[in-house]
Amino acid sequence: MTDEHNPMANHSELERLRELLPTYGMGMADEAERALVQSLLIKYPEEAAVLDDYEALSDAMLHSAPPLAPPPELLGKIMQTAAEIDPADKTAPARPTVTMLPKPGGGARGRWSPPINRALVAAVAALVVLNALALVQVLDLRADQDKLREQASVQTAMLSMLARDDVVRFAMQDMRAEDSATRREFGDADGTIICNPQERVGVFYAKNLPPLKSDQAYQLWLIKDGQRVSGGLLKPNPDGTATYVFAAPEPMGNYHYAGITTEPASGSAEPTGDPVVRGGLYPPDAGPLDWEG
Amino acid sequence: MTGISPYPDPDDRNLVERIERRDQQALATLYERYGGPVYGLAYRVTGSAAMAEEAAQDTFLKVWNQASRWDPDKGKFSSWLLTIARYTAIDRLRQEQRHNSVPIDNVPDPPSSTGIPHDPVLQDGRMLREMLAQIPPEQAELIEMAFFQGMTHRQLAEQLDLPLGTVKTRVRLGLQKLRGLWIEATRAPSEISKNPVDDTSIT
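One line per chain: the protein sequences are U and C, in this order. In this text, residue positions in the first sequence follow our numbering: the first is 142, and each later residue adds one. In this text, residue positions in the second sequence follow our numbering: the first is 2, and each later residue adds one.
A couple of the hints might just be wrong.
Derived SDA-like pairs (lysine to any residue); straight-line CA-CA distance at most 20 Å [as the list claims (entries may be wrong)]:
hint, chain 1, residue 1, chain 2, residue 2
1, C, K75, U, V191
2, U, K218, C, A29
3, C, K75, U, A189
4, C, K169, U, R157
5, U, K348, C, K63
6, C, K169, U, E172
7, C, K75, U, R317
8, C, K63, U, R325
9, C, K169, U, A322
10, C, K75, U, S321
11, U, K218, C, Q25
12, C, K63, U, E319
13, U, K218, C, A27
14, C, K63, U, R324
15, C, K75, U, A318
16, C, K169, U, L161
17, C, K63, U, S321
18, C, K63, U, E225
19, C, K75, U, A190
20, U, K218, C, A51
21, U, K365, U, R310
22, C, K63, U, E326
23, C, K63, U, T323
24, C, K169, U, S153
25, C, K169, U, L158
26, U, K218, C, S49
27, C, K169, U, E160
28, C, K75, U, A197
29, U, K348, C, N66
30, U, K376, U, Q357
Chain C regions said to be covered by chain U (calculated; three or more residues, Cβ under 8 Å) [said to hold, decoys possible]:
hint, region
31, 23-29
32, 128-138
Which chain C residues face chain U? A few, computed with CB under 10 Å, are given here [as the list claims (entries may be wrong)]:
hint, residue
33, R14
34, E33
35, V46
36, I91
Hints in this document: simulated from the structure, not taken from any laboratory. Since the structure is predicted, the reported quantities are computational estimates derived from the model, not experimental observations. Each residue gets a CB set at the ideal place from its N, CA and C atoms; glycine is no exception.
Whole structure, please, built from the sequences with the hints as guidance.
And the structure:
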């Protein structure tokens, strides 16, 4: 495609594309440059062959660091943590990562488990007691008797959940592309949901969430049989963490998956953004995670 | 590129399938196969044995948790694994820099590399290292800092006290030269003459 009326513009566009292709192909372009290259490649598809060369160079660069002997104890650490995440069971199909919170006096945890489990539970309990109104973000904060009663009910349910021995922690993984700009800049996001299958409340905790624009929010979704229910809206703290207590319409044991997407600040009826983090809760079978249900 | 492993059975695809079935022995085998390259890449990025160890551990645990995300049709397993290792190590380095002002320098002398067997998966990487030595060192330095430490052009300019335009030009010229060398090394002469590298800046 060329602009017959402005050949100089086409020439400079093609020049610009050729200038940016090396860094783009090597995964070193910034977000604006990536967007420009992607739009110009549509206009000048013949340049894709050059891109293939740079992508091959990028792959070779990945493999160019001389291999080094890792510390001898590293394998043991990895295997111990892998066993703690999911004890070996060769007959079981793959299932989401599920970890029971340790009872008081429990043993050491591997590095992969956030070391703040018990601290997180205690912090959330304190948050519930001291900040009941701030926690119920899923509800419209109208000062009427029904809402106050509902908030108190959530608070009571949360305290009840946290006191149980069978509180469960579900890990949620970053779902963004490995080379996404926000993932590269802010690191791998990860999330955790703490809940109990009988209760209708849960805690969502995340870190390394990218900052949002003022007209955006993260929206929590609970998924059952392909149907998505909003768990509410949240915004990350300046350090990328977020702690959010939510109320669910049904007991948490009814939900199969959970995740968060980026939505308008007023929320959406259905997810419109791509998932940022997601994970399995209580899936009907042990099949692979499927955001689409 | 397709997911063709140079290894005999159990190949990478088989190991990944077993990991999806939570076979811990498969994870151990994968570590024996790729622990050296992953740790070496993490060390190349961070310049620290401690950070490299943490990044390597996180990398293999990510594979343990997300093995199903590798698509053999999109590329080699080693590429997927080392991409995870690279970004994990960059994230670790940035965390450390945020807290402790770790300077970004070229990598210090590495730990021992003895005992690492010759690995066919790394052949292209060895070839690229030789090519990097053939381009002007100021271009190679910028390319390696941008790739291994995830630095933007602007960050490179600030770190090295260079004009932004100079950084962009050196990176671009260096990559174009590498591409020319790569094509010479990897394509048949007839293929090169049919599709010459049309880049007047390659000298």
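Exercise. Looking back at the hints listed earlier, which ones does the structure fail to meet?
Worked result: 33
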